[in-house]
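**Student:** Read off the chains here:
Number of protein chains: 2
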Amino acid sequence: MTIFAERDPTLIPSDPLMLLADIERRLDRLLPAENERDCVGLAMREGALAPGKRIRPVLLIMAAQDLGYRDDAGGLLDFACAIEMVHAASLILDDIPCMDDAELRRGRPTIHRQFGEPVAILAAVALLSRAFGVIAQADGISSQAKTQAVAELSHAVGIQGLVQGQFRDLTEGGQPRSADAIQLTNHYKTSALFSAAMQMAAVVAGAPLESREKLHRFALDLGQAFQLLDDLCDGLNDTGKDAHQDAGKSTLVNMLGSKVVEKRLRDHLQRADRQLASACDSGYATRHFVQAWFDKKLATVS
Amino acid sequence: MTIFAERDPTLIPSDPLMLLADIERRLDRLLPAENERDCVGLAMREGALAPGKRIRPVLLIMAAQDLGYRDDAGGLLDFACAIEMVHAASLILDDIPCMDDAELRRGRPTIHRQFGEPVAILAAVALLSRAFGVIAQADGISSQAKTQAVAELSHAVGIQGLVQGQFRDLTEGGQPRSADAIQLTNHYKTSALFSAAMQMAAVVAGAPLESREKLHRFALDLGQAFQLLDDLCDGLNDTGKDAHQDAGKSTLVNMLGSKVVEKRLRDHLQRADRQLASACDSGYATRHFVQAWFDKKLATVS
Numbered sequence: 001m002t003i004f005a006e007r008d009p010t011l012i013p014s015d016p017l018m019l020l021a022d023i024e025r026r027l028d029r030l031l032p033a034e035n036e037r038d039c040v041g042l043a044m045r046e047g048a049l050a051p052g053k054r055i056r057p058v059l060l061i062m063a064a065q066d067l068g069y070r071d072d073a074g075g076l077l078d079f080a081c082a083i084e085m086v087h088a089a090s091l092i093l094d095d096i097p098c099m100d101d102a103e104l105r106r107g108r109p110t111i112h113r114q115f116g117e118p119v120a121i122l123a124a125v126a127l128l129s130r131a132f133g134v135i136a137q138a139d140g141i142s143s144q145a146k147t148q149a150v151a152e153l154s155h156a157v158g159i160q161g162l163v164q165g166q167f168r169d170l171t172e173g174g175q176p177r178s179a180d181a182i183q184l185t186n187h188y189k190t191s192a193l194f195s196a197a198m199q200m201a202a203v204v205a206g207a208p209l210e211s212r213e214k215l216h217r218f219a220l221d222l223g224q225a226f227q228l229l230d231d232l233c234d235g236l237n238d239t240g241k242d243a244h245q246d247a248g249k250s251t252l253v254n255m256l257g258s259k260v261v262e263k264r265l266r267d268h269l270q271r272a273d274r275q276l277a278s279a280c281d282s283g284y285a286t287r288h289f290v291q292a293w294f295d296k297k298l299a300t301v302s
Numbered sequence: 303m304t305i306f307a308e309r310d311p312t313l314i315p316s317d318p319l320m321l322l323a324d325i326e327r328r329l330d331r332l333l334p335a336e337n338e339r340d341c342v343g344l345a346m347r348e349g350a351l352a353p354g355k356r357i358r359p360v361l362l363i364m365a366a367q368d369l370g371y372r373d374d375a376g377g378l379l380d381f382a383c384a385i386e387m388v389h390a391a392s393l394i395l396d397d398i399p400c401m402d403d404a405e406l407r408r409g410r411p412t413i414h415r416q417f418g419e420p421v422a423i424l425a426a427v428a429l430l431s432r433a434f435g436v437i438a439q440a441d442g443i444s445s446q447a448k449t450q451a452v453a454e455l456s457h458a459v460g461i462q463g464l465v466q467g468q469f470r471d472l473t474e475g476g477q478p479r480s481a482d483a484i485q486l487t488n489h490y491k492t493s494a495l496f497s498a499a500m501q502m503a504a505v506v507a508g509a510p511l512e513s514r515e516k517l518h519r520f521a522l523d524l525g526q527a528f529q530l531l532d533d534l535c536d537g538l539n540d541t542g543k544d545a546h547q548d549a550g551k552s553t554l555v556n557m558l559g560s561k562v563v564e565k566r567l568r569d570h571l572q573r574a575d576r577q578l579a580s581a582c583d584s585g586y587a588t589r590h591f592v593q594a595w596f597d598k599k600l601a602t603v604s
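Residue numbers (the working numbering), protein chains in the order written: chain A, 1 to 302; chain B, 303 to 604.
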């Protein structure tokens, strides 16, 4: 079953698996070298290199390519790794005892369970600051694009982004809240970083403001869809995370039921696809990837 | 008693108190607006705006001015605020229960005691990421200088900077360690951020590589002097921090006694001053400021 109406079957999309391997190889090189005496470095590596979907960096690269950018010097790959480092840092912090106190992440014990809470917090801080440094030192990208990327990423992490999402989830997640309030929290938790990834792709590719706005709206809908999928998957055993972590939390699945949520998810995806199609006219790799990715995941929950 | 041999009494240094007021006014505007419902924003404000020495941002501005830079657009002030935000974030994290578990900072209850541990951690992350965003959006500074500043700050925060210093302090502070090991920890804890401040001043002012290297060496010695002063002051009641927090820690004061440490401190300051004098030939404000600042502080411990 496919979600999107139009697509051109003659176009061969970039291979996401090859991209994923490129990202992981580069991440490995951008992180501190493996050294058994350096716990914080090991925790950074474990947090960022443990098997993950890498959906944010893959989307960043594909979108830039769909906007016509060719990454001859490797700077785009570095931007993608920066996004993944920020995501990894946010997962480490989400899991610590005073936040969600989670035991499992990406199929392994959480970072604080492996290295202790102080090292987990320091590794998250080091990953975050490394992300900004990686952007600043990316090859083949103009200083202007880099400063715009830093500004976008800073916004997505801070009080209008991941930090706000985590705070709202912590303070409101256990209480009754409206569907709008949940959607707003999901915006901060998920859409904000997707938007930063898309804006970073756009500034690298030198996309016009109009495309940037469309990519922003794409990211907002994609983030909502992504969070709804995450909620639908809670309770399945193959997520690599603590199962039933949302039990007792006021999620849309608990409030509206999974059928309604799945319908909402598909609506978000359709809107996301329309924005993406309109923003990128040089390629369709991102659309193919998003479609295939959600098709596969939704097949497991339907 | 003065530490430095040469100075030109005809030169009037910039007024550090006026600079401090400028920095605090600008910090106030760069932080989230005061909103009682936004705990994380309030914690960020409290962490960054509570009375502090502001020595890092003052030095950054003075050094850039001594290198000939005139801050017509306000970007230098923003760079200075970014350094202070990073410093404030590091203090918040140093104090949390799983790190130093401190009760007092800057004369007030620590941030986690005022707002709880999760909010303290989120406020620190938000301050850190805001610092990078403030650099990226500073007015009147070239994108190239901004990306260099981001790279310097990223380095000073991460695994080769504050994070490493905090980790070493946590894991080695309670054990016997060599004077060299203590000096290395102090390098990460203190010198790294002083160096970033000096490099940010230098890139804004377009200083040549030779000056940048001298400013780096100035920062290394200044950082050591600063940390030794901090150790000498531990136990005094007017630091605004928990008194006797270093009791049982292997500091140089505990190892060598305060007389030897004071001699070392003065040696570091003299070396620092020589580097600074050689790096900045357009002004002496930074030298005056450092001298006056240490003279005043040392008078309280001698």
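Just so you know, the hints here were simulated from the structure itself, not pulled from any lab data. Please note that a few of the clues may not be correct.
Said to hold, decoys possible - Residues on chain B that point at chain A, a partial pick, calculated with CB under 10 Å: (1) L406; (2) R410; (3) A425; (4) A426; (5) R432; (6) G435; (7) G442; (8) S444; (9) A453; (10) N556; (11) S560; (12) Q593; (13) W595.
Stated by the list, open to error - With beta-carbon atoms standing in for the labels, derived distance ranges: (14) D544/B with A292/A: 55 to 63 Å; (15) K53/A with R372/B: 31 to 39 Å; (16) R108/A with D374/B: 38 to 46 Å; (17) E103/A with A335/B: 21 to 29 Å.
Given the structure is predicted, the values throughout are model-derived calculations rather than measurements. For every residue, glycine included, the Cβ atom is placed at its ideal position computed from N, Cα and C.
**Student:** Now look at each hint and say whether the structure bears it out.
**Tutor:** How the hints compare with the structure:
The interface hint given for L406/B is violated, since its Cβ lies 20 Å from the closest Cβ of chain A, which is over the 10 Å cut-off. The beta carbon of R410/B is not positioned within 10 Å of any beta carbon in chain A (closest approach about 21 Å), and the interface hint is therefore violated. A least Cβ separation of about 8 Å between A425/B and chain A falls short of the 10 Å threshold, and the interface hint therefore holds. Checking A426/B against chain A by beta carbon gives a least distance of about 8 Å; that is within 10 Å, so the hint holds.
Residue-level restraint check for R432/B holds (minimum Cβ-Cβ distance to chain A is 5 Å; threshold 10 Å). With a least beta-carbon distance of about 3 Å to chain A, the hint placing G435/B at the interface is held under the 10 Å criterion. Taken as an interface hint, G442/B does not check out: its beta carbon lies about 13 Å from the nearest beta carbon of chain A, beyond 10 Å. Given the 10 Å rule on beta carbons, the hint for S444/B holds: about 7 Å separates it from the nearest Cβ of chain A.
Using the Cβ-Cβ criterion of 10 Å, the hint placing A453/B at the interface with chain A is satisfied: the shortest such distance is roughly 4 Å. Here the hint on N556/B is broken, as its CB sits about 23 Å from the closest CB of chain A, past 10 Å. Below 10 Å, beta-carbon pairs count as interface contacts, and S560/B has none with chain A, the closest being about 30 Å; its hint is therefore violated. The beta carbon of Q593/B comes no nearer than 32 Å to any beta carbon in chain A, farther than 10 Å, and the hint placing it at the interface is violated.
The interface hint given for W595/B is violated, since its Cβ lies 28 Å from the closest Cβ of chain A, which is over the 10 Å cut-off. For the pair D544/B and A292/A, the supplied restraint of 55 to 63 Å holds, since their beta-carbon distance comes to about 56 Å. At roughly 50 Å, the beta-carbon separation of K53/A and R372/B lies outside the given 31 to 39 Å, and the hint is violated. The beta-carbon spacing between R108/A and D374/B, approximately 53 Å, falls outside the hinted interval of 38 to 46 Å.
Between E103/A and A335/B the C-beta distance comes to about 38 Å, which lies outside the given range of 21 to 29 Å.
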